[in-house]
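Number of protein chains: 2
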Amino acid sequence: MLSPAQLDEYRTQGFLVQERVFDEVEIRQLKDEAAQEFATGGERVTVEADTDVPRGVHGCHLHTEAFGRLVRSPRLLPVAEQLLGDQVYVHQFKINAKRAFKGEVWEWHQDYTFWHHEDGMPEPRALTAAIFLDEVTEFNGPLTFVPGGHGSGEIDAEVEGEGWANTLTASLKYSIDIGTMRKLIDRNGLAAPKGPRGSVLWFDANIPHASVPNISPSDRGLVLITYNGVRNKIDLARSTRPEWLAARDFTPLEA
Amino acid sequence: MLSPAQLDEYRTQGFLVQERVFDEVEIRQLKDEAAQEFATGGERVTVEADTDVPRGVHGCHLHTEAFGRLVRSPRLLPVAEQLLGDQVYVHQFKINAKRAFKGEVWEWHQDYTFWHHEDGMPEPRALTAAIFLDEVTEFNGPLTFVPGGHGSGEIDAEVEGEGWANTLTASLKYSIDIGTMRKLIDRNGLAAPKGPRGSVLWFDANIPHASVPNISPSDRGLVLITYNGVRNKIDLARSTRPEWLAARDFTPLEA
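Each protein sequence line maps, in turn, to chains P and A. Here the first sequence stands for residues 7 to 261, where the numbers follow the numbering used here. Here the second sequence stands for residues 7 to 261, where the numbers follow the numbering used here.
These are computed hints drawn from the structure, not numbers from a lab. All of these numbers come straight from a predicted model, not from anything done at the bench. Among the hints, erroneous ones may be present.
Identical copies go unnamed one by one, so any copy, or any two together, can satisfy a pair.
As the list claims (entries may be wrong) - Pairs of lysine to any residue, SDA-like flavour, derived with a Cα cap of 25 Å:
hint, residue 1, residue 2
1, K189, D38
2, K239, D255
3, K108, D192
4, K200, T143
5, K189, V59
6, K200, P219
7, K189, A41
With the rest of the complex left out, here is chain P (with noise of 0.2 Å):
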């Protein structure tokens, strides 16, 4: 569980890192799964556009037991409870490999803008818990946040394309324009938080958030787990996206 100072932490700022809360056998057992995962996830895997290296993979917590564990880790399952004051599920899980020397640029964005308009997610109260499979440097393209901009909420998107396949490509389908960000960063500033393998950055559904190109020779492997609240379960009159990116079920999830 957080402490006082991480909570307010992470409600001032939309986002918090903890150090080295896997070790580095943990983190090694999960980049072999990932691996793995990359190599056999079929139409779960995106690749950087024009290529064939891939960008993601999504929903391994229903494919293999080692992220179907790490979901429910007691070192992840309580904090999300904690910081959303509800029981848990997971809406979405992807790996994000952002390859040494091939990981490509992320557009300013909001990840609540999806799950609201394409899965039917009623409120903001969801969040995100990216495990380091790598440490995460100046160089190698790490997540970029604007400190306390959850606190703007829902932010207008500029909609590029139709359908839910292109949620998943470089260029998003929902990304904020360049004047609000302008304005949003003049005030706010911007950090990237950076850490060794193993640790955790917990990030509010509303942060904007964007990354840079990776042009060094280290991969910045991420697992991204969006834990939803059960009080707050996607609409699934309104959901659009298959159950590998928006979750049908809601279950809450025991450590």
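Let chain P serve as the given structure and place chain A on it in line with the hints.
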């Protein structure tokens, strides 16, 4: 002139930052001149791929008094002469825009590869002074170097396309392959020098460098002045590029 410690740092690292060499008033004037050059430079202006966003403008020292004076500044010229151990002239002059939210990636490359193969420069006895028109931060696409990487000399480059026009595009004509960069960076690491407006970053002809996109609301304008020793003047019979990319006047500059 540089101190022995600064000289040593430059020789070892292949780059050196001097903070606040030019003051706010001087930088504001240079920025105004730069804006005019982007507006009127014609063929000397390059754009980001598939856009009309200005990426760079060349040869401004031949077209405006302000930049003509800048390359002869007593704060730059004696340092260039000291570092090159020769009288010098300007081989190439460029303003690099790296616009807020627009500036794109530059691949790993060595400048000397271009000067050698396209311009007939005999030896890597040249260097570049980068004058910061804006504060350079972690977030606006700083130049990123392999410290000491100039010690590897000229590295075989991957060649893409033909003709000199290709030397100006986002997908560079000469770039260093990933395997080579991996070895170099694993051994030497990476560094992205930051600094306030008006700082000067000196870097070697052979130091491998790259930069990521600018995802911030702050431009990252640089004036890049490439000084070459007069004893290292290019072979005009081998030079392929127009004078605004590769000077044909080797007269030593005077402060």
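Quick one: K189 to V59, C-alpha cut-off 25 Å, is that within a copy, between copies, both, or neither?
So K189 and V59 pass the 25 Å test across copies only (21 Å; inside, 34 Å).
At most 25 Å between CA atoms: does that hold for K189 and A41 within a copy, between copies, both, or neither?
Between copies only: 23 Å across chains, 40 Å inside a chain, cut-off 25 Å.
Status of P219 relative to K200 across identical chains (alpha carbons, at most 25 Å)
both (15 Å within a copy, 19 Å between copies)
Within, between, both or neither: K239, D255 at alpha-carbon 25 Å:
within (9 Å within a copy, 71 Å between copies)
What label fits K108 with D192 when the C-alpha limit is 25 Å: within, between, both, or neither?
between (30 Å within a copy, 17 Å between copies)
For the identical chains here, do K189 and D38 meet the 25 Å Cα criterion within one copy, between copies, both, or neither?
This pair counts as between: shortest inter-copy Cα distance 23 Å, intra-copy 42 Å.
25 Å Cα cut-off: does K200 pair with T143 within a copy, between copies, both or neither?
Result: close both inside a copy and across copies, 5 Å intra and 16 Å inter.
Consistency note: the structure conflicts with none of the earlier hints.
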